[in-house]
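Here's the letter readout for the chains.
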Amino acid sequence: AQSVTQPDARVTVSEGASLQLRCKYSSSVTPYLFWYVQYPRQGLQLLLKYYSGDPVVQGVNGFEAEFSKSNSSFHLRKASVHWSDSAVYFCAVESSGSWQLIFGSGTQLTVMP
Amino acid sequence: DAGVTQTPRHEVAEKGQTIILKCEPVSGHNDLFWYRQTKIQGLELLSYFRSKSLMEDGGAFKDRFKAEMLNSSFSTLKIQPTEPKDSAVYLCASSPGQIYAEQFFGPGTRLTVL
Numbered sequence: 001a002q003s004v005t006q007p008d009a010r011v012t013v014s015e016g017a018s019l020q021l022r023c024k025y026s027s028s029v030t031p032y033l034f035w036y037v038q039y040p041r042q043g044l045q046l047l048l049k050y051y052s053g054d055p056v057v058q059g060v061n062g063f064e065a066e067f068s069k070s071n072s073s074f075h076l077r078k079a080s081v082h083w084s085d086s087a088v089y090f091c092a093v094e095s096s097g098s099w100q101l102i103f104g105s106g107t108q109l110t111v112m113p
Numbered sequence: 114d115a116g117v118t119q120t121p122r123h124e125v126a127e128k129g130q131t132i133i134l135k136c137e138p139v140s141g142h143n144d145l146f147w148y149r150q151t152k153i154q155g156l157e158l159l160s161y162f163r164s165k166s167l168m169e170d171g172g173a174f175k176d177r178f179k180a181e182m183l184n185s186s187f188s189t190l191k192i193q194p195t196e197p198k199d200s201a202v203y204l205c206a207s208s209p210g211q212i213y214a215e216q217f218f219g220p221g222t223r224l225t226v227l
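Chains A and B, in that order, give the protein sequences.
First residue of the first sequence: 1, per the working numbering; consecutive thereafter.
First residue of the second sequence: 114, per the working numbering; consecutive thereafter.
In short, the hints are calculated from the structure, not lab data.
Please note that a few of the clues may not be correct.
Unchecked claim - Ranges between beta-carbon positions, derived for each pair:
| hint | chain 1 | residue 1 | chain 2 | residue 2 | range |
| --- | --- | --- | --- | --- | --- |
| 1 | B | Ser140 | A | Asn71 | 24 to 32 Å |
| 2 | B | Pro197 | A | Pro40 | 44 to 52 Å |
| 3 | A | Arg41 | B | Tyr213 | 22 to 30 Å |
| 4 | A | Ala17 | B | Thr151 | 24 to 32 Å |
| 5 | B | Tyr213 | A | Ala17 | 30 to 38 Å |
| 6 | A | Thr12 | B | Ser186 | 36 to 44 Å |
| 7 | A | Glu66 | B | Leu183 | 25 to 33 Å |
| 8 | B | Leu183 | A | Pro7 | 38 to 46 Å |
| 9 | B | Arg223 | A | Asp8 | 23 to 31 Å |
| 10 | B | Arg223 | A | Leu46 | 19 to 27 Å |
Every residue, glycine too, gets a C-beta built ideally from N, C-alpha and C.
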């Protein structure tokens with residue numbers, strides 16, 4: 001069975017600092033991987049997705065993620081965060097054989113001014 | 114194009130009541146999902162429809178939760194009877210129904226059961 005682990009429930013960084021949010025997946029086949037963001041009182045929005053090709057994939061608002069098959073990871077990065085990036089970030093893997101998403105538990109990001 | 118619409122945005126119910134949450138997916142999308150979101154359990158899949166057919170009924174949620182897709186542009190989630198532990202945010206999402214496709218989420222309905 002596929003699964004996703006986000007080991008950091010909360011991350012706090014200062015505005016302008018770099019950011020990495022961690023995501024580890026478990027899958028017997030090459031997975032379809034996603035990062036979503038949820039701002040307060042809103043639904044989830046797609047940041048980026050990956051299936052194949054260049055392991056570094058670019059997303060919206062300066063976010064990127066790097067896929068590592070050897071580490072079973074899909075970490076999210078941003079070079080310089082802004083206070084408006086404060087939100088909950090979810091990593092997800094598409095379940096093989098169906099088109100359902102399996103979500104991690106989420107990481108609450110707080111950007112301090 | 115309009116995104117996913119959910120109504121109401123907030124619902125307060127007494128224990129034992131029946132409540133119905135509504136969702137309108139993105140026009141033309143074939144897949145529709147209902148999730149429950151809580152701080153402790155995170156995102157849990159309740160139901161999954163493909164082209165109006167129920168593909169996944171959420172296992173543990175079967176007894177009091179019933180999702181229906183009356184037509185391709187409207188879905189409901191009925192909780193009967195409600196219990197305080199049902200207090201959560203209920204999210205609806207739709208997708209074109211292709212592999213590797215993005216799911217588009219509505220803003221959610223916040224349910225409080227007293």
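Hints, one by one, checked against the model:
1. The hinted range of 24 to 32 Å is not satisfied by B/Ser140 and A/Asn71, whose Cβ atoms lie roughly 40 Å apart.
2. B/Pro197 and A/Pro40 have their C-beta atoms about 24 Å apart, which leaves the hinted 44 to 52 Å range violated.
3. At about 29 Å, the beta-carbon gap between A/Arg41 and B/Tyr213 stays in the expected band of 22 to 30 Å.
4. For A/Ala17 and B/Thr151, the hinted distance range of 24 to 32 Å is satisfied, since their beta carbons lie about 30 Å from each other.
5. The given range of 30 to 38 Å is respected by B/Tyr213 and A/Ala17, whose C-beta atoms sit roughly 32 Å from each other.
6. Taking 36 to 44 Å as the suggested C-beta distance range, the pair A/Thr12 and B/Ser186 conforms, at roughly 42 Å.
7. For A/Glu66 and B/Leu183, the hinted distance range of 25 to 33 Å is not satisfied, since their beta carbons lie about 43 Å from each other.
8. Under the hint 38 to 46 Å, the C-beta atoms of B/Leu183 and A/Pro7, about 42 Å apart, fit the expected range.
9. For B/Arg223 and A/Asp8, the hinted distance range of 23 to 31 Å is satisfied, since their beta carbons lie about 26 Å from each other.
10. The hinted range of 19 to 27 Å is satisfied by B/Arg223 and A/Leu46, whose Cβ atoms lie roughly 22 Å apart.
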